[in-house]
Amino acid sequence: MRQTAAAARAAADRAQAEHVSARRAAAVTAAQSRLRAAETGLAAAKLADASAQADYAAAVSRADLVHALRERAGVTADASRRVLATLVRGLMQQSGNSTLDVLLDDRADQDLLFQLGTLDTLSRLTANLDDVRSRVAADVSREQVLEKQDAAAQAVIAAVPVSATRAAVAAAQDDVDAASAALADLGRSVPATTAASEVQPFPATSTVADTGRLSEQGWTAPAIGRITDPFGPRLVHPVAGVSDFHRGTDIGAGCDAAIYAAADGVVESAGVLGTYGNWILIDHGSGIATGYAHIAPGETLVSVGERVVAGQVIAGVGSTGASTGCHLHFEVRIDGTAVDAVPFLALRGVNLGT
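Residue numbers (this note's numbering): 1 to 354.
Honestly, the hints are just simulated from the structure, not real lab data. Hints are not guaranteed to be accurate.
To be verified - Quick list of simulated restraints, FRET-style, between CB atoms:
no.: 1; residue 1: 220; residue 2: 335; range: 43 to 53 Å
no.: 2; residue 1: 305; residue 2: 53; range: 50 to 60 Å
no.: 3; residue 1: 211; residue 2: 245; range: 38 to 48 Å
no.: 4; residue 1: 307; residue 2: 343; range: 25 to 35 Å
no.: 5; residue 1: 216; residue 2: 53; range: 40 to 50 Å
no.: 6; residue 1: 167; residue 2: 349; range: 31 to 41 Å
no.: 7; residue 1: 137; residue 2: 68; range: 20 to 30 Å
no.: 8; residue 1: 313; residue 2: 215; range: 18 to 28 Å
no.: 9; residue 1: 79; residue 2: 298; range: 49 to 59 Å
no.: 10; residue 1: 324; residue 2: 269; range: 23 to 33 Å
All figures in this text were calculated on a predicted structure; none of them were measured in a lab. Even for Gly, the Cβ is constructed at its ideal location relative to N, Cα and C.
Between the sequences and the hints, there should be enough to build the whole structure, so can you do that?
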């Protein structure tokens with residue numbers, strides 16, 4: 001009877017543990033889904049912001065050009081007006097009362113040649129005046145057209161939603177941070193019994209000591225972005241068919257973002273490698289190597305045997321292989337065994353992830 005009761009309690013405990021585990025797995029799946037959606041939203045917001053910034057720069061460039069042309073047209077119109085005023089004054093001086101009296105005097109003894117000379121002078125001035133008036137009209141018209149274009153260009157600048165797109169990026173980043181924090185909280189709140197049952201099936205990795213090899217060599221972060229999936233056991237598989245144990249550190253850099261060589265070395269492999277997708281492995285010597293996975297198609301910039309230096313751009317971030325979105329899967333290997341890249345790089349002065 002006691003054995004039956006004990007077995008019943010054990011079965012109840014197992015059922016409860018399985019229920020808690022299932023609820024936790026569902027919560028983690030939901031949190032990861034929320035994070036992926038937030039990251040997608042952030043990428044879209046950044047793209048919209050980049051487009052708005054480009055539109056704004058183009059609008060400002062055009063507005064600057066139109067404004068400069070408007071100012072130049074204003075100077076030209078003012079100069080034309082001054083020329084016109086000068087000619088009008090000259091004509092008025094030439095056609096004063098004394099000149100008109102001479103032209104209208106019908107006395108026989110008046111000098112005919114003098115009259116003809118005066119008429120010729122007035123004719124030339126009048127012709128010049130008509131030309132200048134036409135020029136002034138054209139210059140003023142151009143100035144007015146450019147004034148309207150200047151105002152329209154300023155309106156285009158004001159219509160570009162740069163403030164709104166920047167606010168959208170900030171809001172999307174807040175969503176990503178909140179989703180990331182929620183996922184991290186789930187990881188920190190694992191009950192001891194649940195954690196033991198979940199972690200137990202994962203294969204253990206060989207214990208490899210970081211003895212400080214290559215500590216004096218220059219090291220740098222392989223990509224810019226926050227850590228989206230750390231090294232270690234996976235509670236939930238993001239993609240079917242991947243290992244239960246994550247042997248790298250995922251960095252959430254955007255699509256086509258630069259991937260940098262973490263240290264000096266020689267490219268050992270560069271090509272497609274199963275679930276890694278497009279992959280690069282760099283041998284740094286002394287048993288240390290680094291790997292870079294999910295590289296975008298056509299964005300592998302180095303080849304086998306090539307020597308690279310720390311910080312050199314070697315590829316672009318992508319989502320090839322078993323990947324749910326653009327990110328860099330980064331590995332550090334000591335004597336062929338993957339180790340956690342975060343403490344490894346921290347001991348060498350590099351903080352991995354933002």
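Legend entry - Outcome of range test on Cβ distance (residue 220, residue 335; 43 to 53 Å): violated, 22 Å
Inset, instruction - Hint says 20 to 30 Å; check whether the CB-CB distance for residue 137 and residue 68 agrees. - result: holds, 23 Å
Inset, instruction - Confirm or reject the claim that residue 305 and residue 53 have a C-beta distance inside 50 to 60 Å. - result: violated, 41 Å
Legend entry - Distance restraint evaluation - residue 79, residue 298, Cβ atoms, bounds 49 to 59 Å: holds, 58 Å
Legend entry - Range hint 18 to 28 Å (beta carbons of residue 313 and residue 215) holds or violated: Distance hint for residue 313, residue 215 holds at roughly 24 Å.
Inset, instruction - For residue 167 and residue 349, compare the CB-CB distance with the range 31 to 41 Å and indicate the outcome. - result: holds, 36 Å
Inset, instruction - Given the hint of 23 to 33 Å, check if residue 324 and residue 269 actually sit that far apart at their C-beta atoms. - result: Check passed, 24 Å falls within 23 to 33 Å.
Legend entry - CB-CB spacing for residue 53 and residue 216 relative to the 40 to 50 Å hint: holds, 42 Å
Legend entry - Beta-carbon spacing of residue 307 to residue 343 - inside the hinted bounds 25 to 35 Å or not: About 27 Å separates the Cβ atoms of residue 307 and residue 343, which means 25 to 35 Å holds.
Legend entry - CB-CB spacing for residue 245 and residue 211 relative to the 38 to 48 Å hint: Roughly 23 Å apart at Cβ, these two residues miss the hinted range, so it is violated.
Hint compliance for this structure: hints 1, 2 and 3 are not met, and every other hint is.
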